[in-house]
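Trainee: Each chain is listed here by its residues.
There are 2 protein chains.
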Amino acid sequence: MSSITIIGTGNMARAIGTRAVAGGDSVEIMGRDRSRVEGLAQALGGGATAGTWGAVPAGDIVVMALLHDGVVPVVAEYGDALTGKVIVDISNPFNATFDGLAHGDGTSVAQEAAKVAPSGASVVKAFNTIFRHVLESGRPTVFIAGDDARAKAEVAEFITGMGLRSLDVGGVTMAHWLEGMGLVTVGLAGNGIGHGNFALGVAELAG
Amino acid sequence: MSSITIIGTGNMARAIGTRAVAGGDSVEIMGRDRSRVEGLAQALGGGATAGTWGAVPAGDIVVMALLHDGVVPVVAEYGDALTGKVIVDISNPFNATFDGLAHGDGTSVAQEAAKVAPSGASVVKAFNTIFRHVLESGRPTVFIAGDDARAKAEVAEFITGMGLRSLDVGGVTMAHWLEGMGLVTVGLAGNGIGHGNFALGVAELAG
Chain A
2 MSSITIIGTG NMARAIGTRA VAGGDSVEIM GRDRSRVEGL AQALGGGATA GTWGAVPAGD
62 IVVMALLHDG VVPVVAEYGD ALTGKVIVDI SNPFNATFDG LAHGDGTSVA QEAAKVAPSG
122 ASVVKAFNTI FRHVLESGRP TVFIAGDDAR AKAEVAEFIT GMGLRSLDVG GVTMAHWLEG
182 MGLVTVGLAG NGIGHGNFAL GVAELAG
Chain B
2 MSSITIIGTG NMARAIGTRA VAGGDSVEIM GRDRSRVEGL AQALGGGATA GTWGAVPAGD
62 IVVMALLHDG VVPVVAEYGD ALTGKVIVDI SNPFNATFDG LAHGDGTSVA QEAAKVAPSG
122 ASVVKAFNTI FRHVLESGRP TVFIAGDDAR AKAEVAEFIT GMGLRSLDVG GVTMAHWLEG
182 MGLVTVGLAG NGIGHGNFAL GVAELAG
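Quick note, the sequences are listed as chains A and B, same order. Going by my numbering, the first sequence opens with residue 2, and the numbers climb by one from there. Going by my numbering, the second sequence opens with residue 2, and the numbers climb by one from there.
Looking at chain A on its own, in the form it has when it is part of the complex (with noise of 0.2 Å):
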């Protein structure tokens, strides 16, 4: 049983935060827009509660469910609020052409999260690979990257509440490649696929 704090009200915010309260998790909604998340915490039922925007998170794990460009300003407005929490960044910062990253060489939206995160909170990219819907209605694999063992080990106690396998692809540097995958992911449902009702996932040899 995870303790999770979802900032966001939106598509990705519904899809996690209704996997966590069927996984038992202690789930609580934040957002700008009041009516939204009392809206949405109603409607996952489970206890899940409205909390306040800005206010410090009642869950150990902060779920940022915002849009890509969104992400860093909310931990920096959050600020020392989010001290000792795990944040978790699902975003997929893609450019107008989706295929390649709204930012360069070498960074990510989790990286640049941790430079405003307050001491001791620890970022960890995860769920970006997967399409709402497929979170929805699926068992996709979730592969996160971080650099804090700590933090990841929570994260993958997390998601393997919700029913899903959690795979560590390594450092917080491994998030840039994260966000190339959410790329691979858009590429094959616009080419090799030809729908959406897939994720990326991992085939094991027998032996």
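It is possible that part of the hints are untrue.
A pair holds if it fits inside one copy or across any two, identical chains being indistinguishable in the list.
Cross-link-like lysine to any residue pairs, in silico, SDA-like; alpha carbons within 25 Å at most [unchecked claim]:
| # | residue 1 | residue 2 |
| --- | --- | --- |
| 1 | Lys116 | Ile194 |
| 2 | Lys116 | Asp106 |
| 3 | Lys116 | Asn192 |
| 4 | Lys116 | Gly101 |
| 5 | Lys116 | Thr98 |
| 6 | Lys116 | Arg166 |
| 7 | Lys116 | Val135 |
| 8 | Lys116 | Gln43 |
| 9 | Lys116 | Glu39 |
| 10 | Lys116 | Gly85 |
| 11 | Lys116 | Pro141 |
| 12 | Lys116 | Asn93 |
In case anyone wonders, no lab produced these hints; they're calculated from the structure. Small disclaimer: the values here were computed from a predicted structure and weren't measured.
Following the hints, position chain B against chain A.
Mentor: Leaving out everything else, chain B in the frame of chain A:
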């Protein structure tokens, strides 16, 4: 049935050559070291032939089974001998710490090879997300990227003929992100999976 020339005599040349011969393809091996070329052609069997370094390849598809920093120089050295060929780049241009690429943003070995290839040649990125021993003993998914639909169709037919699944992720700019998936594969082996008996693939939902 495809007609393939493999430039290189190392482990990946052997693995791809073995699968190609098993799939009934016509296979030619080329390399600087004549004795190694003849040794590999003989080991592959199935009528595999030993070609002459720098000559026009017999295969319609030319697989560059070389270390990453050898691909562009060899494409340049072959020059007009590659006119009309489909050049397959399988390389992983990793940096020394295996968390980034040896080249910068917005390019890939495939794109650099395309710059020096003769007119009428096309470059396709493929196979780079697969460990050699998985290619030998498993049925991994092969992700491909390239700008030329006809060339990709030929490579897809080659891959399918080997009994493997080919998935198109988009244009050649996506080769950079397939190289990133090579990094993720190594990262998974070192962190999330703990062994190398796997390959990245795709899980599809029913319906």
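Trainee: Sort out which numbered hints this structure fails and list those numbers smallest first.
Mentor: 1, 6, 7, 8, 9, 11
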